[in-house]
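Keeping the supplied structure of chain E fixed, place chain C upon it in accordance with the hints.
Those protein sequences? They're chains E and C, same order as listed. The numbering of the first sequence is my numbering, which starts it at 1 and goes up by one. The numbering of the second sequence is my numbering, which starts it at 1 and goes up by one.
Hints in this document: simulated from the structure, not taken from any laboratory. Mixed in with the good hints, there may be bad ones.
Simulated coverage check for chain C against chain E, where a stretch passes if three residues somewhere in it have a Cβ under 8 Å from a Cβ of chain E [stated by the list, open to error]:
(1) 50-61
(2) 280-289
(3) 301-315
Please read all numbers here as calculations on a predicted model, not as lab measurements. Just so you know, even glycine gets a beta-carbon here, dropped at the ideal spot from N, CA and C.
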Amino acid sequence: MSAMADKEAIENARVLMVGAGGIGCELLKTLVLTGFKHIHVIDMDAIEVSNLNRQFLFRKRHVGQSKAQVAREAVLRFRPDVDIVAHHANVKSPQFNVEYFQQFNLVLNGLDNLDARRHVNRLCLAADVPLVESGTTGYLGQVTVHMKGRTECYECQPKPAPKTYPVCTITSTPSKPVHCIVWAKDLPFLKLFGDKSLSNDLDIRSSGADSAAEQEEASFFDLQDGESSKAYATRVFDRLFGENIDIALKNEGAWKERRKPTPVYLANIWSSEEKYDENGADHGYENGHENGSANEDKPKDVRAPLSATALLGLKNPQEIWSVKDNARVFLETVRLFLEKRKEEIGSLTFDKDDQLAVEFVTAAANLRASSFGIPMQTMFDVKGIAGNIIHAIATTNAIIAGLIVLEALKLLGKDRGACRMTYCLEHASRKLLLMPCEMDVPNPKCYVCSQTPLVLEVNTKTVTLRDVVEKIARKKLAASFPTIMQGYNVLCETGDDIDKHSAAIYEAKLDTKLDALTPVPIVNGVEITIEDLQQEFSCIVHVKHRDEFSEEEEADQMRLGGLELLTATAPVDSKETDAAPKATSVDVQTASLDEDLVMLDGQNAVGMKRKLEEEGQEPTQKRLKT
Amino acid sequence: MAEPTSEVLTEQEAAVYDRQIRVWGVDAQRRLSKARVLVVGIHGVIAETCKNLVLAGIGSLTLMGDTPVTLDAAASNFLIYVDEIQNQGKSVAQVCADAVGDYNPMVRVQVQQGNILEKPVEFLDDYDVVILGRSSLSLKKKVNALCRSRPQRVAFYAVDVRGCCGISFIDFQTCTYKSQKKDDDKELEYSKKSCSLEDSLSVRWDSLPKRASKLFFATRIVEEFEQKEDRQPGQLTSSDVPALIAFGTELLQEQGMTMVPVIESLLKKIAEAGSFELSPVCAILGGVLGQEVLKLLSCKGEPIQNFFFFDASDGKGMIEEVTP
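Only chain E is shown next, with the shape it has when bound in the complex:
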């Protein structure tokens, strides 16, 4: 144990724990039991019922309260002499700057999303504080140690992209349940209840018709004057699952090599004697659920949320419904949204905790699946897929938290070379269930820890400064408060502390095309600097102008890459993209992720890399014309 810290070093150590969820609860407990006495905890989340199976510091009575604060109080019950500071806040907020990070000997992450992980990585690099990273999903877990200049940083290896699906697969040729679920969530749900002004990839490409037809299509989903909600639901049903399929069938070429879908019309679902009994369901609603659920402040817990399945007597979320039941749920959810949640229509986004939304998406996905001969799914499974719910169990989190603390002890001890990255496996490999590996050295091409310049290929005539700020600086480079400079000219600065006058100047510039910016236009060959002062992140970006961009792959008319782009010779022609392996993709991970997102990535020590990467990939699929 010589590599580990002694009692005094542990007691004096100041530790920052980011995240008080699945891993965080276990970590805080193990830290204090090990003798750590000075701990800060940051977590912005409130406790939810679905946390209680593993976040053992929380009880049902704590639902809705701050995770960081409740975790602190719970731990003090068995270790009252420790000094824990709880921050119910976002780790990305400006108060947690480099000076804040510098007061700690160690930073330990138990986070659930990539963005926050990247942010903390930069602050740890800037403050030169070692970082222990972790992640779990189901039985799998991983702990990694990042030491500036000594081991790779969190961003040295590109992270696997979120799972995506070609647009035409979603809109025209689904072959798996997930395609139907993505469709239900991104098309009917948003068209009926979401913000219609927000354009959607699927929208633009699905019709391909002229704008008048598009207009007609859009207004089709509006409630007409004097139309009853039942009539509306019926009309929309037949359009989505009947007429649209009939239209698609006319394109006979598309069905030569695949099974033809069958249109589903309401008239064919009910036999001649029966009819969808709206009144029966209504009756149940009036009796059981009238109070306290239809309003904006939906209850956060599980008490009787507005639910079509409850009214229809479909009690088991683990059961696959018949086509008829799916139709009943579809009609009932539409009716309930229209009648009970009217004020939200036009602004709804899919939320896995919104019961009615999950019911609607389940029914719509299953109806589409039945059309295309794809197996239908239970509501439980649809909720998991639509909401990107991460599978989580207490035992893996406990094991991972134990491993984090062991690395913390080595970091505080004399021999940092003893640190390892460790995998927790589901099936033992060479008898090992917990497998330590040597850590990689920093990647010299990493733009974060090695400050290697990047290249931005961009159409400087059409792309605005705002696009660069939002899509490149924030989304791609994970800057929380980006500043964009050209030489000493500040083009844009964001953050809480900008004075009104400057803010107005920057705001005015945002919608200017790059080549029209003053005093220096951003054109081919210009070098800009993208910074985040809080993260002490700074990155040089060479701008390379290009006229043509693939509509499929590079719809933003931008492509960010490494220096190899400067030397690349082959011009990228829009026609050439037909040969490109990827089609336009629908991001299915836009919904918020749950706890404990696994970060299994970038490792190669034991042949894990391949396996884990494969998990994130779709089997090769024939590319389809949209």
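Structure of chain C alone, referenced to chain E:
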């Protein structure tokens, strides 16, 4: 394989267990809710195990033991709240049962008094699993044999943490389980049998594979030494190291092996640790053992056979199968 009952999970079960049902399925969850677990001897790693079982939603957990609660007992046990230490007269089992019961009201958590060896043997028929905390080699063998003597399967687990080393033994007897070996594979049903501790320890050491865990030999030596010297487990000190190493050298020779520095240093570490449990190691062992018990009870996932060791010094968590 016991048939799961067909009843639907309650709304509360579905809401609280949602994330884990996504890992092991509803049938597994229903089986867990019927399972009865007995835990004998409560210390750090056992507290971890109890926490994991209660959170997962087993049917009932029974804690057995009469030791009164002390400050020492609280050192590595997060189930003992400080205000309970002053509360003289309560047993560790009672205090921990109160704390862990609060984690999940859907699990029945109770206390049994007395000594397991003094109970009528039918006592074990009320349980599906017995977990034995830190205990002597002879107690482990006896309880394991008692479990095996029952008409219905009573699975046996023993676990301990000595300083930075974690040690566990598993005898589930027979097990039918569903498992998916790889992601895209179909889930199939498998069966396994395990052997008793007594039988496992009859295996000659020189017949084990060369790369067998050194912790296996070190713990064998320590336990035999404690038995020979009539010491309670966890009572060794650094002054015992020379005698322990000498004893170990002899034992290894009897088994056709020789003492090596790795084993020597493990013996030294275990003796010097005394009764101390390194908490992160408790979390790891309690996690692995808890997971194993849950796999067995839910008939889901391949169970480990039959020793699991973890050494914080090298960070390896290793399964060692030692069967005749």
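Task: chain E over the stretch 280-289 of chain C, status - at least 3 residues with CB closer than 8 Å - done: Check passed, 8 qualifying residues.
Open item on the list: Between the stretch 301-315 of chain C and chain E, are there enough contacts, at least three residues with CB-CB distance under 8 Å, for the coverage claim to hold?
Closed with: Three-residue rule met by the stretch 301-315 of chain C, so holds; n is 9.
Task: Outcome, coverage hint (the stretch 50-61 of chain C, chain E; C-beta under 8 Å; three residues) - done: Result for this restraint: holds, n = 5.
Taken one by one, the earlier hints all hold for this structure without exception.
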